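Engineer: So the sequence lines, in the order shown, correspond to chains A and B.
The letter at position 110 of the first sequence is residue 110 when you use this note's numbering, and the numbering goes up by one with no holes.
Counting from 1 along the second sequence, just add 1000 to a position and that's the residue number in this note's numbering.
Since the hints were made in silico from the structure, they are not lab data.
Nothing here was measured: the structure is a model prediction, and the numbers come from that model.
All C-beta atoms in this analysis are idealised placements derived from N, C-alpha and C, irrespective of residue type, glycine included.
Among the hints, erroneous ones may be present.
No more than 25 Å apart at the CA atoms, straight line, and that leaves these computed lysine-lysine pairs for DSS-like [said to hold, decoys possible]:
#	chain 1	residue 1	chain 2	residue 2
1	A	K42	A	K68
2	B	K1009	A	K37
3	A	K22	A	K57
4	B	K1009	A	K42
Not the full set, but computed from the structure, chain A residues with beta-carbon under 7 Å of chain B [what the hints assert, rightly or not]:
#	residue
5	Y32
6	R51
7	A98
8	F103
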Amino acid sequence: GENVEQHPSTLSVQEGDSAVIKCTYSDSASNYFPWYKQELGKGPQLIIDIRSNVGEKKDQRIAVTLNKTAKHFSLHITETQPEDSAVYFCAAADTGTASKLTFGTGTRLQVTL
Amino acid sequence: DSGVTQTPKHLITATGQRVTLRCSPRSGDLSVYWYQQSLDQGLQFLIQYYNGEERAKGNILERFSAQQFPDLHSELNLSSLELGDSALYFCASSPLGRGPYNEQFFGPGTRLTVL
């Protein structure tokens, strides 16, 4: 089955700096790669996703890149703000027959003033 | 607010007991997923239902079962509870059963504590 590794496990940046979180996956059949943000006491919130037919996607301060050859994808957050502090999860799915997500272990991002 | 609702928010019970967690998907979504989040195992997929039928199964214990009803709400039944079953249980929903344009939206979760 699919295995997703995520690094780093914790990340501390100053407000205004950029943050990068990296994930690798093992199943070459995976074609859908979402990122979720989880705040304390809440469920994961979908913030951006990318599909295997594109290499990069951007939404305001958030961007995701995908390298299918190397089987890795990354989340980039620019101009970080205190409200970006949360746990971020990457995930992967082979959506051919179902849509089950395999999650990474999470990155706790802290944005300091 | 994702539009996915889960009840109850918190559940405290004893070992050996049985509990039922309930999930209502977003309006129009046909798929429901259950995930377990624990400190040692992270976020793990349990099971997916699509329009009342089981679509995919993950590492779901035999003591756990789920179903999706005609009105598309879903219930996750956990029986013979053990201390290790203490976790957050999330429900997610999506419009379709498969495909790369099938985003999943998560509910607020049910925190289960087994004493």
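Engineer: Hint by hint, say whether it matches the structure.
Structural biologist: Hints, verified against the model:
{"no.": "1", "hint": "K42/A x K68/A", "verdict": "violated (31 Å)"}
{"no.": "2", "hint": "K1009/B x K37/A", "verdict": "holds (20 Å)"}
{"no.": "3", "hint": "K22/A x K57/A", "verdict": "holds (15 Å)"}
{"no.": "4", "hint": "K1009/B x K42/A", "verdict": "holds (11 Å)"}
{"no.": "5", "hint": "Y32", "verdict": "holds (5 Å)"}
{"no.": "6", "hint": "R51", "verdict": "holds (5 Å)"}
{"no.": "7", "hint": "A98", "verdict": "holds (4 Å)"}
{"no.": "8", "hint": "F103", "verdict": "holds (4 Å)"}
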